[in-house]
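> Sequence:
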Amino acid sequence: MIKTYDYIVVGAGVIGCATAYYLQKHNPNARILLLEKNHRVGLGNTSKSAALYRTLFSSPINHQLAASSIAFYQT
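In this note's numbering, the protein residues as written are -12 to 62.
Derived by calculation from the structure, the hints in this document are not laboratory data. There could be a bad hint or two in this list.
Said to hold, decoys possible - Cβ-Cβ distance ranges computed for the label pairs, FRET-style:
| no. | residue 1 | residue 2 | range |
| --- | --- | --- | --- |
| 1 | Gly31 | Leu52 | 23 to 33 Å |
| 2 | Ala5 | Pro47 | 38 to 48 Å |
| 3 | Val1 | Ile57 | 12 to 22 Å |
| 4 | Tyr(-8) | Phe59 | 39 to 49 Å |
| 5 | Lys(-10) | Ile48 | 38 to 48 Å |
We put the beta carbon where it would ideally sit given N, CA and C, even for glycine.
Build out the structure end to end from the sequences listed, making use of the hints.
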């Protein structure tokens, strides 16, 4: 028997899980397959991310927010 899905999301990190969540939220009857190569979710780039400990943003507002976050955590 061949299984069919409406959506296939590759990667179960923060972005993949959020994508699957909102797809399901906005379409409760959708069949979604969430694939992850690791044995648990969030072990890829999500686990290695420094989150807001970066200032590589093109938006001046995002750059200021990130810089203030870094300053906050340093103190």
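> Run every hint past the structure and note whether it holds.
For each hint, the structure was consulted:
1. Gly31 x Leu52: 23 to 33 Å: About 25 Å separates the Cβ atoms of Gly31 and Leu52, which means 23 to 33 Å holds.
2. Ala5 x Pro47: 38 to 48 Å: violated, 26 Å
3. Val1 x Ile57: 12 to 22 Å: holds, 20 Å
4. Tyr(-8) x Phe59: 39 to 49 Å: holds, 42 Å
5. Lys(-10) x Ile48: 38 to 48 Å: holds, 44 Å
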